[in-house]
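S.K.: Now for the letters of each chain:
There are 2 protein chains.
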Amino acid sequence: MTKKENNYCVIMAGGIGSRFWPFSREEKPKQFLDFFGTGRSLLQMTVDRFRPIVPIENMFIVTNIAYKQIILEQIPDLQEGQILCEPARRNTAPCIAYATAHIRALCLQRAYGYTKANKGFTKDGKLTVGSEGSQLPGYLDIDWTKPEMQANIVVAASDHLILEEEKFRETIVKAFDFVSEHKAICTLGMQPTRPETGYGYIQFLKSTKDECAMYEGIYPVKTFTEKPNLEMAKVFLQSGDFLWNSGIFVWNLQTISEAFRYLLPEVADRFREGELLMGTQEEENFIEQIFPKCPNISIDYGIMEKADNVFVIPSSFGWSDLGTWGSLYELSAKDANSNVSLHSEAHFYEAKGNIVVLEKGKKAIIQGVEDMIIAEEGGKLLVCKKSEEQRIKQFVSEL
Amino acid sequence: MTKKENNYCVIMAGGIGSRFWPFSREEKPKQFLDFFGTGRSLLQMTVDRFRPIVPIENMFIVTNIAYKQIILEQIPDLQEGQILCEPARRNTAPCIAYATAHIRALCLQRAYGYTKANKGFTKDGKLTVGSEGSQLPGYLDIDWTKPEMQANIVVAASDHLILEEEKFRETIVKAFDFVSEHKAICTLGMQPTRPETGYGYIQFLKSTKDECAMYEGIYPVKTFTEKPNLEMAKVFLQSGDFLWNSGIFVWNLQTISEAFRYLLPEVADRFREGELLMGTQEEENFIEQIFPKCPNISIDYGIMEKADNVFVIPSSFGWSDLGTWGSLYELSAKDANSNVSLHSEAHFYEAKGNIVVLEKGKKAIIQGVEDMIIAEEGGKLLVCKKSEEQRIKQFVSEL
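Residue numbers (our numbering), protein chains in the order written: chain A, 1 to 399; chain B, 1 to 399.
Hints in this document: simulated from the structure, not taken from any laboratory. Please read these numbers as outputs of a predicted model, since none were measured by experiment. All C-beta atoms in this analysis are idealised placements derived from N, C-alpha and C, irrespective of residue type, glycine included. Take these hints with a grain of salt, some might be off.
DEER-style ranges, computed between Cβ atoms [stated by the list, open to error]: (1) T38/B / K393/A: 34 to 40 Å; (2) R391/B / D335/A: 30 to 36 Å; (3) K352/B / E330/A: 50 to 56 Å; (4) R40/B / N337/A: 40 to 46 Å; (5) D34/A / Q69/B: 56 to 62 Å; (6) K352/B / Q289/A: 48 to 54 Å.
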């Protein structure tokens, strides 16, 4: 059982949420919205979900500078330094590399007494730390057995829905235990319940590798696949060997550091340049310099698909990435004609299969439409077939 | 040519406009709305339309007490006494009878010096007026030749659209001239441009009666007909003998007084009871007593269909009763796919034949719908097939 103080989480909150326009807009994307009218935003629910297993000071939120203020308002017990701002949108690999570098600096500070006041280089190029003879090791000289260097990290999106939170935490704790003992990259795969074409899939091997022999329910990953067409999704569902890729990853600081170093050096090298600046006042300036130079690449493509030590925990705790109106529709309570009405009071006549999301307290009369998205927020109205929702981004860009 | 000071108008503004929900609502029905974003409400446009031919002090607006304040705000040069409040909804005949009684009292005051201070009865039941020997005549003893008793009255709705206002006024002036010289009930019939099933029709005789021999373009009415079905409406359109019933009437005070007396005594008698109270502080109280006792009856059914002195002026000045979303749709500018967007910016994709009316400044993306009404106002949204708009009233009552 890992110690809570060694657990970290990285919450990715940089999405601009254009797919849920107009309910979610660039000024206030969906992670900051009270999506289900519960009084808590998706981000707040995400942070709260981790509180019992990760100390608040070990939580980091990676986002755009534009959202820093709203995050500080929504999570008031977060320090400003725990919000890591991306100066450009570069997909998940650079985002996670940044958070990893930041956590690494923090662990080094804790392990080696390294602070912004006493950093320095020795003549032979090794990093030294001055005042009381403490010494910051070079990249390969870190003593990973030091207790402060034991950092188990979970990476998750800020805008997903998880219904069974206790089951979720049990799964994460199991993964923490696993990655603290093995150099494994662990991912959570969701048991599919329908032939969803909006998700990537993970194929896993039911025979176990040595590493997870003693861990029931943890399996080696065979392949990651892109979003399938419907026919393929049906085959995936029937085979029983495929899980939905949730984008929730668990690993140890050392493991992910090495994975970046060996599998994605074009990203890792950027961050090495300023290793000593991380956690200091110069971090922001440094990130502004190197981050935009990182390639635009996803963690799935850059690490997961290439690594040979990737494992998956088949899970089911009522997860949705809330990535589409369709997924929100699927999740929501429906009336006798399969209509969904969120936040507001909608009356339906000769209408079925619609999802209506209006500003709180609004009323609607909906007659004679089928399988439509009808959403209104902040003076913007959307009426669109559910089957055409992938075009909403384009529509909005034309507005 | 009649004198402007002898011209009066009665504007009916009591409608609750539930058919245009949610754009028009009981708190603020359509006559008070800036329907086309011109900066003037339909009522203001109606009053302005009459200003060149009717003195403002001869204009009367019949409405519900709930709308008195908004009318005073919208027409600031109107005196409070020019707003006649109906204590109950009793269709157009009692409404017009009330306005007629009020104008009659006003003319009597002007002709006979009758004021609230000096009213009284003589012993033989004749009405007398005291202070300076002036005398209010009994019902049949009015000297209609007195100049002050020459009142030519146009009755019109407050919520119709008229595009060619100068042409409209020319027609009204022609009707004023006609009714000032003849005991004629004159109505304006619109040249039909389509087989509309939402309007009543007027069949007219192309041979002229004596009364209108010298008035080119004024014809005796043969029949009034109810709203036809589509087949019948097509026959009407082809025959050339049918006009749309605009609900715009022109008559002389004496003529309409006598018509009520002989054709609708159950209404006329109610108002006779308090003849002396009209135009005094007691008018309001009297109306509250007798108005609810009046039968619920339309002027068409109660007077027009029964009278033998009804004439029609075939007219075309771009008129619409704006009674339906369909008529608003017909009137409005359309894009290449026959979509109408009012007040707001709507972007259409695979959408045709829709009418979108949102609050000013709002934006919308509309995809994949056809022939729909999409309207939003004050936190209420309507999505409804154009063909089902007659059910909107019912939907709203269920809300």
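S.K.: Which of the numbered hints above does this structure break?
M.R.: 2, 3 and 5
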